[in-house]
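So the sequence lines, in the order shown, correspond to chains A and Z.
With our numbering applied, the first sequence closes on residue 519, and no number is skipped along the way.
With our numbering applied, the second sequence closes on residue 519, and no number is skipped along the way.
Heads up, some of the hints might be wrong.
Unchecked claim - Negatives, chain Z to chain A, calculated, CB over 10 Å:
{"hint": "1", "residue": "Lys174"}
{"hint": "2", "residue": "Lys202"}
{"hint": "3", "residue": "Lys358"}
{"hint": "4", "residue": "Ala471"}
{"hint": "5", "residue": "Val473"}
{"hint": "6", "residue": "Lys516"}
As the list claims (entries may be wrong) - Straight-line distance between alpha carbons at most 30 Å, and here's what the computed BS3-like set of lysine-lysine pairs gives:
{"hint": "7", "chain 1": "Z", "residue 1": "Lys265", "chain 2": "A", "residue 2": "Lys174"}
{"hint": "8", "chain 1": "Z", "residue 1": "Lys252", "chain 2": "A", "residue 2": "Lys206"}
{"hint": "9", "chain 1": "A", "residue 1": "Lys264", "chain 2": "Z", "residue 2": "Lys265"}
The hints are simulated quantities; they were obtained by calculation from the structure and are not laboratory data.
We put the CB at the ideal spot given by N, CA and C, even for glycine.
2 protein chains.
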Amino acid sequence: MNIHGGNIYDYKNIIFDFSANINPLGIPERFKEALYENIKMFTKYPDIEYKNLKNNINNYLGIYDNSYILVGNGEVELIYLLLENLEFNKLFTIGPTFSEYKKAVINSGIEYNEIYCYNDDFSEINVQMLLDKIQGKSIVILCNPNNPTGYLIDRPTLEVIASRLYEKQCILIIDEAFIEFTDNYPLSSFISKLQKYPNTIVLRAVTKFFGMPGIRLGYAVTYNKDIYQKIREVQQPWNINAAAVIAGNTVFNDKDYISKSQIWIKEERDFIYKGLSLVKGLRVYPSKANFHLLKLMFNDMDAYKLKDALVNYEILIRTPGGFPFLTSRHFRLAVLDRIANTSLLSALYDILGKEIP
Amino acid sequence: MNIHGGNIYDYKNIIFDFSANINPLGIPERFKEALYENIKMFTKYPDIEYKNLKNNINNYLGIYDNSYILVGNGEVELIYLLLENLEFNKLFTIGPTFSEYKKAVINSGIEYNEIYCYNDDFSEINVQMLLDKIQGKSIVILCNPNNPTGYLIDRPTLEVIASRLYEKQCILIIDEAFIEFTDNYPLSSFISKLQKYPNTIVLRAVTKFFGMPGIRLGYAVTYNKDIYQKIREVQQPWNINAAAVIAGNTVFNDKDYISKSQIWIKEERDFIYKGLSLVKGLRVYPSKANFHLLKLMFNDMDAYKLKDALVNYEILIRTPGGFPFLTSRHFRLAVLDRIANTSLLSALYDILGKEIP
Numbered sequence: 163m164n165i166h167g168g169n170i171y172d173y174k175n176i177i178f179d180f181s182a183n184i185n186p187l188g189i190p191e192r193f194k195e196a197l198y199e200n201i202k203m204f205t206k207y208p209d210i211e212y213k214n215l216k217n218n219i220n221n222y223l224g225i226y227d228n229s230y231i232l233v234g235n236g237e238v239e240l241i242y243l244l245l246e247n248l249e250f251n252k253l254f255t256i257g258p259t260f261s262e263y264k265k266a267v268i269n270s271g272i273e274y275n276e277i278y279c280y281n282d283d284f285s286e287i288n289v290q291m292l293l294d295k296i297q298g299k300s301i302v303i304l305c306n307p308n309n310p311t312g313y314l315i316d317r318p319t320l321e322v323i324a325s326r327l328y329e330k331q332c333i334l335i336i337d338e339a340f341i342e343f344t345d346n347y348p349l350s351s352f353i354s355k356l357q358k359y360p361n362t363i364v365l366r367a368v369t370k371f372f373g374m375p376g377i378r379l380g381y382a383v384t385y386n387k388d389i390y391q392k393i394r395e396v397q398q399p400w401n402i403n404a405a406a407v408i409a410g411n412t413v414f415n416d417k418d419y420i421s422k423s424q425i426w427i428k429e430e431r432d433f434i435y436k437g438l439s440l441v442k443g444l445r446v447y448p449s450k451a452n453f454h455l456l457k458l459m460f461n462d463m464d465a466y467k468l469k470d471a472l473v474n475y476e477i478l479i480r481t482p483g484g485f486p487f488l489t490s491r492h493f494r495l496a497v498l499d500r501i502a503n504t505s506l507l508s509a510l511y512d513i514l515g516k517e518i519p
Numbered sequence: 163m164n165i166h167g168g169n170i171y172d173y174k175n176i177i178f179d180f181s182a183n184i185n186p187l188g189i190p191e192r193f194k195e196a197l198y199e200n201i202k203m204f205t206k207y208p209d210i211e212y213k214n215l216k217n218n219i220n221n222y223l224g225i226y227d228n229s230y231i232l233v234g235n236g237e238v239e240l241i242y243l244l245l246e247n248l249e250f251n252k253l254f255t256i257g258p259t260f261s262e263y264k265k266a267v268i269n270s271g272i273e274y275n276e277i278y279c280y281n282d283d284f285s286e287i288n289v290q291m292l293l294d295k296i297q298g299k300s301i302v303i304l305c306n307p308n309n310p311t312g313y314l315i316d317r318p319t320l321e322v323i324a325s326r327l328y329e330k331q332c333i334l335i336i337d338e339a340f341i342e343f344t345d346n347y348p349l350s351s352f353i354s355k356l357q358k359y360p361n362t363i364v365l366r367a368v369t370k371f372f373g374m375p376g377i378r379l380g381y382a383v384t385y386n387k388d389i390y391q392k393i394r395e396v397q398q399p400w401n402i403n404a405a406a407v408i409a410g411n412t413v414f415n416d417k418d419y420i421s422k423s424q425i426w427i428k429e430e431r432d433f434i435y436k437g438l439s440l441v442k443g444l445r446v447y448p449s450k451a452n453f454h455l456l457k458l459m460f461n462d463m464d465a466y467k468l469k470d471a472l473v474n475y476e477i478l479i480r481t482p483g484g485f486p487f488l489t490s491r492h493f494r495l496a497v498l499d500r501i502a503n504t505s506l507l508s509a510l511y512d513i514l515g516k517e518i519p
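Using the sequences provided together with the hints, build the complete structure.
Okay, structure coming up:
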């Protein structure tokens with residue numbers, strides 16, 4: 163079984179895939195056009211330095227200074243490269259979180275530590291406890307907002323954490339794969355504060371917000387030249403293919419797609435949260451991201467049984483495999499479009515029942 | 163400076179890029195059509211197991227048994243993964259050869275050894291010397307046909323090598339990135355003999371023969387389950403993006419493209435070889451691949467000066483940087499189409515002079 167839960171390729175009849183946290187607006191039109199117009203790019207090796215692509219990332223982030231950009235074959239390539247090459251032998255993160263952090267260090271002999279510091283409904287973390295438990299000279303990786311809890315550490319708190327970790331000679335990696343889905347983006351992002359914290363790296367993904375997990379394009383920003391150079395030395399050449407370069411050169415400028423997505427996430431996160439709150443025996447945790455963590459409260463129902471039941475409704479959900487601190491009663495749902503969200507709510511009311519509001 | 167010589171992105175006016183060994187017939191039509199028809203594949207994560215893609219590779223290779231296929235983000239990803247994870251601390255290869263083998267092991271503390279066992283015109287290797295110098299329990303990687311010499315080890319000789327290396331408890335990796343350009347393909351390939359040698363892995367690339375270095379798609383075949391599993395454990399998930407999956411699902415069936423390419427390479431390799439043989443003070447080494455290694459014999463001309471001179475003719479060549487055992491007088495030329503090859507020959511006659519045949 164793979165640690166990423168539902169693999170849609172294992173099912174024949176899924177119409178609504180709530181197991182993957184992807185913008186349902188689909189592929190940005192500008193990418194489609196550009197792919198056709200630039201098909202000749204496939205006949206050449208990509209620029210081994212990816213200069214154009216990095217310029218576009220800088221422009222998108224509003225960075226016009228001496229930052230360093232790394233590009234990856236999906237954000238996951240950068241996670242692996244960083245965790246394997248930073249030459250620290252301990253890693254700390256807040257659990258539950260994205261399972262690839264653990265998988266990335268398993269083979270390199272780095273000690274993996276997940277700190278549980280949430281309150282009961284995943285709406286708060288105990289920062290002091292977190293900082294006390296993190297040992298000096300280690301790597302700290304924080305997914306923000308976090309997968310699967312949807313919890314967002316606000317920027318002032320992140321500054322406190324970055325600063326304290328700097329004193330402890332730790333390296334802080336902030337994984338912002340879902341940051342563009344948060345309400346107050348770009349204020350929620352650490353990018354504009356990064357220059358003050360040379361121990362810190364921000365990771366980002368093109369694939370989730372721009373609805374293209376098939377494109378595989380992630381990037382990292384840091385002001386730490388040593389880290390940048392260390393990763394460049396070990397990184398494979400031509401790791402980003404022509405399709406992903408074309409995507410990176412176009413989607414950041416698709417203002418229409420970006421504004422439509424921002425309107426969609428605000429409306430639908432709220433719509434589905436309210437609808438889920440009416441499902442009998444279901445606890446919905448608050449979320450700042452484009453997904454919700456949920457818990458089944460009835461004794462006779464767990465996430466695996468619910469998944470099987472929902473497959474009959476052509477719906478796939480994310481069971482808790484791979485996430486520590488979650489039980490078999492927890493599951494995760496992406497926020498999709500109104501048709502999908504309505505179909506899901508209707509299926510859940512059917513299977514579990516609906517509270518009278 | 164990058165070790166891959168001419169980076170076409172550093173030049174504004176290059177029309178004929180002889181520095182990259184790519185089929186000049188361009189992108190297979192079936193890939194273009196399929197890319198447009200399957201654009202929706204970008205909205206989903208790729209199948210984490212790449213089952214369809216692997217089936218297509220098996221069909222292309224004519225393998226219908228218990229082999230194991232690994233797919234990589236370019237062949238170079240598989241080179242890195244194999245060399246870093248096979249747990250041997252010595253690597254042997256025949257020099258000069260592809261520089262990424264060395265780069266892949268530099269950071270992992272593996273001892274890198276290049277054996278020079280060619281005769282004077284790179285038309286023969288001393289197999290006995292090669293086998294004597296290779297130590298037991300090491301990794302051996304052979305590029306076949308070899309970049310940059312164009313030398314092809316025939317299959318009976320490769321069987322002797324594989325068998326002797328098995329006795330020495332070595333792992334043999336045969337890099338067949340250019341094998342489809344050889345005259346007697348598929349007889350030149352080791353694929354059909356692989357089952358007899360469980361210490362052996364064959365690497366292949368989609369990108370060179372199918373004219374798409376921008377697509378990044380390589381694969382490895384082995385009958386060694388342990389090696390397969392070891393690599394799968396450390397490999398990053400979703401390493402092949404949707405565009406590369408679409409390419410792998412279509413180009414192998416493009417019979418028209420394959421047969422046109424086979425006709426082109428036979429004709430043009432011979433055409434350019436004869437033409438190059440008439441350039442004054444230029445030694446052309448024989449080649450079984452889609453490129454030629456050459457040496458400038460005049461004292462006042464080296465490859466870097468020639469490169470600069472040819473840039474004025476809108477032509478880029480591969481200078482010898484990154485290749486051991488070559489001098490500043492060596493360079494490499496891809497075989498391109500008739501228009502390009504004629505333009506190159508005309509420029510070389512202009513710069514260096516032409517022998518009266």
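Checking one constraint from the list: CA of Lys252 of chain Z to CA of Lys206 of chain A, max 30 Å. Satisfied?
With a Cα-Cα distance of about 34 Å, the restraint between Lys252 of chain Z and Lys206 of chain A is violated, given a limit of 30 Å.
Would the least Cβ to Cβ distance between Lys202 of chain Z and chain A come out above 10 Å?
8 Å, violated
Straight-line alpha-carbon gap Lys265 of chain Z to Lys174 of chain A, limit 30 Å:
Distance ~43 Å between Lys265 of chain Z and Lys174 of chain A Cα, so the pair is violated.
Per the stated criterion, does the least C-beta distance between Lys174 of chain Z and chain A lie above 10 Å, as a non-interface residue requires?
13 Å, holds
Would you check whether the claim that Lys516 of chain Z is not at the interface survives, using Cβ distances to chain A and the 10 Å cut-off?
It holds; Lys516 of chain Z is separated from chain A by about 31 Å at its closest Cβ, greater than 10 Å.
Between the alpha carbons of Lys264 of chain A and Lys265 of chain Z, is the straight-line distance 30 Å or under?
27 Å, holds
Are all C-beta atoms of chain A more than 10 Å from that of Val473 of chain Z?
17 Å, holds
Holds or violated: is the Cβ of Ala471 of chain Z farther than 10 Å from all Cβ atoms of chain A?
For Ala471 of chain Z, whose nearest Cβ neighbour in chain A is about 23 Å away, the distance exceeds 10 Å, so it holds.
Distance rule for Lys358 of chain Z, whose beta carbon must clear each one in chain A by more than 10 Å:
31 Å, holds
When the structure is compared with the earlier hints, violations turn up for hints 2, 7, 8 and for no others.
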